[in-house]
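Following the hints, position chain U against chain X.
There are 2 protein chains.
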Amino acid sequence: MSSYQVPPLARLIEQFERLPGIGRKTAQRLAFFVLDLPPGEAEQFAAAILEARQTIHCCSICQDLTDGDVCAICAASERDRATICVVEDPRDVAAIERTREYNGLYHVLHGVISPMDGVGPDQLRVKELLARLSNEAVEEVIMATNPTVEGEATALYLARLIAPLGVRVTRLAYGIPVGGDLEYADDVTLSRALEGRSELS
Amino acid sequence: MSSYQVPPLARLIEQFERLPGIGRKTAQRLAFFVLDLPPGEAEQFAAAILEARQTIHCCSICQDLTDGDVCAICAASERDRATICVVEDPRDVAAIERTREYNGLYHVLHGVISPMDGVGPDQLRVKELLARLSNEAVEEVIMATNPTVEGEATALYLARLIAPLGVRVTRLAYGIPVGGDLEYADDVTLSRALEGRSELS
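Which chain is which? The protein sequence lines are X and U, in order.
Per our numbering, residue 38 is the first one in the first sequence, and the count goes up by one each step.
Per our numbering, residue 38 is the first one in the second sequence, and the count goes up by one each step.
Because the hints were derived from the structure by calculation, they are not lab data.
There is no bait here: all hints are sound.
Just so you know, same-sequence chains aren't split out, so a pair can sit in one copy or run between any two.
In the SDA-like style, the derived pairs of lysine to any residue whose C-alpha atoms are separated by at most 20 Å in a straight line are: (1) LYS164 - ARG118; (2) LYS62 - ARG48; (3) LYS62 - ASN183.
For reference, chain X alone in the conformation it holds in the complex (with noise of 0.2 Å):
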């Protein structure tokens, strides 16, 4: 019996390697590293996992991570309060705010129309965004959910939902992303790109 096989270092490697992306042999090595830091600072590893847990949940208002009532970005009165931008994920919030050219507001649905994995909208936080766009003076809903079929899907259903409620709904541009080649652009993406195509002026 070697020192994997030691029952709390056993334990402590089976948590990491249920982490995604992390295989037995990271695993292993991560559990090392902990064994080894320097006194209090696996435990500040711990309690950062505990308060996390405890502090983060959604704001009452867009469904991003918070640790308060409401998000940053909701109780920010410079932001434009007639656009709401959806998307499937907390994450997708942060790659649209690295732009720094969004200045509206977000509605993360945590996740995307699945039939397949059993996720309909009544999973999704589809009753708080209808309730906005009934409440609040919304102009446009921009549908930011990713080009995947159920993302499509998912864009396609909100917008007959929303229809009624005479909110403008538009989608993100399709296209060949910046800095990418015209050879290796599949021809799904291509053929969006040649659709959506611009005056030049």
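Below, chain U without anything else, positioned relative to chain X:
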């Protein structure tokens, strides 16, 4: 401000980012994974870290990691107590145990002599090894430090310390790895393989 900047989440991402081989993106992915775990499982993860740190220490005989006073190998009555295999790291014990070829005891140095990194014999578990050799009926010490400059130097240093005690000191064989290709073996390995050639019987 996106959810990445929510302080408890930012702290959790930072903790993951300190782990070896984990970059910013992976740290974010792991932090979100932990937030999405079913209730109680993040707590188990935190508890595994604390438990491992609190209960794991070095075996009082061989210095391998254990949660008891003496590790399972040192406590096993069927192991050959006249042979000690000296390794750098607890992971090396696990590697040799996997071969199921070795039935002696171990001694874990917890490092190698490396003047560049300020590691001398006093930072290693050398005293403990010498004490074992003086107090117990050891016949052979097998040096199984890594085939690096530091590993070699440490093995030679220990061999000289041990010589006066009248204990046989051996070294793991060097040679071409099984399944390897002569063409791709480096010169040093190949010349060591020639030196160490044995009779085909």
